[in-house]
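The task is simple: from the sequences and hints, build the whole structure.
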Amino acid sequence: MRLNEHPILKFKRGREVTIYFNGEPITAHEGEPIAAALHAAGIRVLNYSNNRERPRGLFCAIGKCSSCLMVVNGIPNVRTCITLVEDGMRIEPQRGKAKLPKEAKPPEFRDAKGMKADIVVIGGGPAGLMAAINAADAGARVVLIDENPMLGGQLVKQTHKFFGKREQFAGVRGVEIAKILENEVRKRENVQVFLETSAVGIFQEGDEKLVLGVRKNRELIEFRGRALIVATGAMEKMIPFENNDLPGIYGAGAIQTLMNTYGVKPGDRVLIVGAGNVGLILAYQLIQAGVEVKAIVEAMPKVGGYFVHAAKVRRLGVPILTRHTILRAEGKERVERAVVAQLDDNWRPIPGTEEVFDVDVIALAVGLRPSIELLHQAGCQIRYVRELGGHVAVRDSWMETTVRGIFVAGDTAGIEEATTAMLEGKVAGISAALRLGIAEESWVREIERAQRDLEEFRSGPFGRHVAEGIRKLLAEVGGNV
Amino acid sequence: MSKVAIIGGGIIGVATAYELAKLGEDVVLFEKNYFGSGSTFRCATGIRAQFTDEANIRLMKHSVERWEKLEGELGFDINFKQTGYLFLATSEEEVEGFKANIALQNKFGVPTRLIDMDEAREIVPILNTEPFLAGAWNPKDGKANPFKTLFAYLFRAKELGVDAREHTEVVGFEREGDTITAVRFRSNGKVESVKVDAVLNAANAWAPLINEMAGLKRDLVPITAYKHQLVKTEPLEPGQAEPLVCPPGWDDAYIIQDGEDGGIICGAGIEHRARSLDDYEPTYDFLRGVLRYATMIAPPLRHAHIVRQWAGFYAKTPDSNPAIGKLLDNFYIAAGFSGHGFMMAPAVAQAVAELISKGHSKVPLDWEWYDPHRFERGELRTSAFQIG
Amino acid sequence: MSDGKVIVCRCNDVTVEEIEALIDKGVTDIEEIKRLLRIGMGPCQGRTCIPIVLGILARKTGRRQEEIPLPRARVPIRPVRVEVIVGGTNE
Amino acid sequence: MSEVPAYLREGYITPDELFRKIPKPSEERLRARPVAVPECPQEIPCAPCREICPTNAISMPTPNDLPVVDYEKCIGCSLCVQICPGLAFFMVHYVGDKARITMPHELLPLPERGEEVVLLNRIGEPVGKGKVLTVVPREKTKGDTPIIIVEVPIELAWDVRAIKVVRE
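Protein chains in written order, with the numbering used here: chain Y, 1357 to 1837; chain W, 2 to 389; chain Z, 2 to 92; chain F, 939 to 1106.
Simulated from the structure, these hints should not be mistaken for laboratory data. As the structure is a computational prediction, the values presented were derived from the model and not from experiment. Some hints could be false.
Away from chain W, derived, C-beta distances all over 12 Å, residues of chain Y [claimed, not checked]: (1) Thr1374; (2) Glu1442; (3) Val1800; (4) Gly1816.
Simulated coverage check for chain Y against chain W, where a stretch passes if three residues somewhere in it have a Cβ under 8 Å from a Cβ of chain W [to be verified]: (5) 1700-1710; (6) 1745-1755.
Note that the Cβ used here is the ideal one computed from N, Cα and C, for glycine as well.
Here is the structure:
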């Protein structure tokens, strides 16, 4: 099922192509991933797992969880959520562990393409875009890489307007902010953008850092820079419950990707787990896409996200069941029902309170964790700070980690808002340029201004929590600069 | 019953703890990090008797026989499989060398034979037969899961009363003359000591530091840590590259399919001297180099995805043979395995336990060959062939 | 409670029960749990499962999450096709 | 547990709870012209309503404070309804025995002027029917949010906060 009308978004689809699922032709559109095209055709089961042969479908939709592996043109283990369709593609579900094709020629050994810059920014979401813009304005040559086909990160899926102050894009929809920032980046000649390019590793080479990039899963690129800014965002959390791996159980971000990026309806009836901002916003977006939201369950005794987001979906008839949890998903090869129960004060389900929801989608919006893999792999010191969403890199107030020359910004530095991500990106971009001796001293004032804005944004009950978490990290590096 | 302290919770230390407990000794085992954290958990899983000298061939033949019985004895699935080692020759000279090695191995009962590339391809369906002239094939060689093997030994050792302590660092000894009387160790920031009758230094790359603590010269047994790296693919169906396949002429490059999850492990002798004993940083040259060789050995591997690269140490002695034996009256060493500790462990653990407990062993271990004092005498063995 | 249907690690189909059983056996170092159950060693490299495992470990051992180190992250942080590393995909 | 305000437990706010946080406009003021009433009881970092208000009728010392409308300064221009990211501003105007509610409406289909729609309360229950008097589409608002004015029975003035378009 594809979405055609939407109150906010317009879907521009590529040329029609034909792909084959188990030999059956399916119409798809150029520019969409295999999994989205299959989903639009009603196909939910993408593979059967390695050891227990359990049916599996899409889960993260951004190439991270390995739940969508399929055999494409005879090649196994293809991540269909990030591999785009091509005319005539043959696609089969994978059953258990894969067999390699028996015949092949050895690949030719070739030198990788090399790219050099002062600063390499990894991640083109709000933090990375602002980092690139500011580092460039401060005089640095910047390379910006992102794994998605478009810039903007999670902004491109956000149909709601942002909070904060108007100079921080308050009152502007996420999708629009993405366009504004992208234009700013494209305008700058000293920023080079590489899309569909994943950073898969960081190696130290003397004073330089080598970022190993993989473009379209086809081409190896060696990015070298004297400083790196890691703004790789966050990853959805998973929770344990019975049958939590059934096709039809998605991370909230996956649903946003399907629905808002590719215009594919995730299902007809949805149960959302988690009443934080992500769950609440998702509920509203589903209603905007014409999908019924049966309920939102939340284990805490109150709504965790902004009240105004809750009020928006309540007045459209969506119940929010606080102090409730999901017990199990039911269904043969895909979600058919969800069983929910009330929790007592010790977080235990109360027998007899079970309630069954007839749904075909269960959306998990149980929180995000920073995507710190690159930082961790590069040797940055990592700490668990609950207030920041889990494990984060220890960093100073200029966003530099414990590995000299590696900076961090946005959700990677701690789960917060797009607004703070942009401010942190600005701080990181400028401080990287300053530390490399590229920017003039006067740029310090810009850092201080962004820090004041951050402080103001974080002065409310929501931000105070985050500020407390950041204090813990700063204490470790012994204060400021 | 005597009190024996073992330093090092890798496969050698843990297996010896088990063997000593079986002989009725009272064992305390110290590991400063987590069990297996040194070289054991970083190894390539291979087990072979295809060596090129009598001592190693005989020791490994015995070890393989122990491996065959280990699962039953320890009561734990360790994924031991005799899927063979296949060495591949890229030149006529190498074929001749293979023939000589095979003759030596056959002499001591190791059933290696020379095979042609058709047979090789039957054994390894994704093999590139083109560059190779012949193979040296021993179907009795094999592999096991290092994680499970270590824990199989450890669980049984604990059942037999071994006091196994991880995150516990040995910080010194008390010594009277040539006898160690006590071991000092630190755990949770607190230093304690325990009276002992014997001590085994099984710290491999860290062994020189332990020798120094015992009042010996650090380079009495010269062991240097060399960083060896591996790259592994995501899980694949078993049966595609089960044996360890290695053309020694290509920088000792090899591939072997993991016996548990089916991922293909790719290694090569592209080694770097470790900058320090926590230098586990993988290097980019290795990543590209090893995969180049791997795809030349098995071209269909080009379509697999790699999921990780890691490094571990070959704790190397000058002749790449381990140092096994007595250093002081009651201070023993089994270290410097130069990449062979995992495969040798069942035999070495048994031999060393018997030596400590009874003063002699029935294991066919050539004590003179592995004598830890040979280096101070400037007496080196022929270099042991170092693969996985 | 659910005969192996509460999946923690999708890559290797590891369940909550298996993790709890191993901790009960005295294996409480995350690096050891990772290797014995192959948690975090599949193609997703622990992105989904590790936080859950850390939570179970903290609960069962009475430790705070802050005290449990993350298992090492390895290159590549996402799976890469071998031929890409070697030199490109043109066959 | 008891300190959790009802609106956070339930996800909606009752008029009683709302008017314990902010004053209720007088009957006289409600009849004079439309007046903006924010349903924004929680301190969140957000300030566009204050920034856009042409008469400085909205006070908010820092972005994390609650918006408080000076009903006498409010001219009923609806810019705050158009800009509010939380869709939490409404305008109420008493006219005879009806009340005119100005509200955001970001769903499809957009009602047409004069169309009869189902009135929904704060938990989405249908509470009656009302007529749409004005529709300002997205392109024409200052905040990218379509707004509508609906006429409702005066006794529902503080209940109706959404509508549903029902067409054959």
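Do the hints match the structure? See the list:
no., hint, in the structure
1, Thr1374, "24 Å, holds"
2, Glu1442, "17 Å, holds"
3, Val1800, "34 Å, holds"
4, Gly1816, "41 Å, holds"
5, 1700-1710, "violated (count 0)"
6, 1745-1755, "violated (count 0)"
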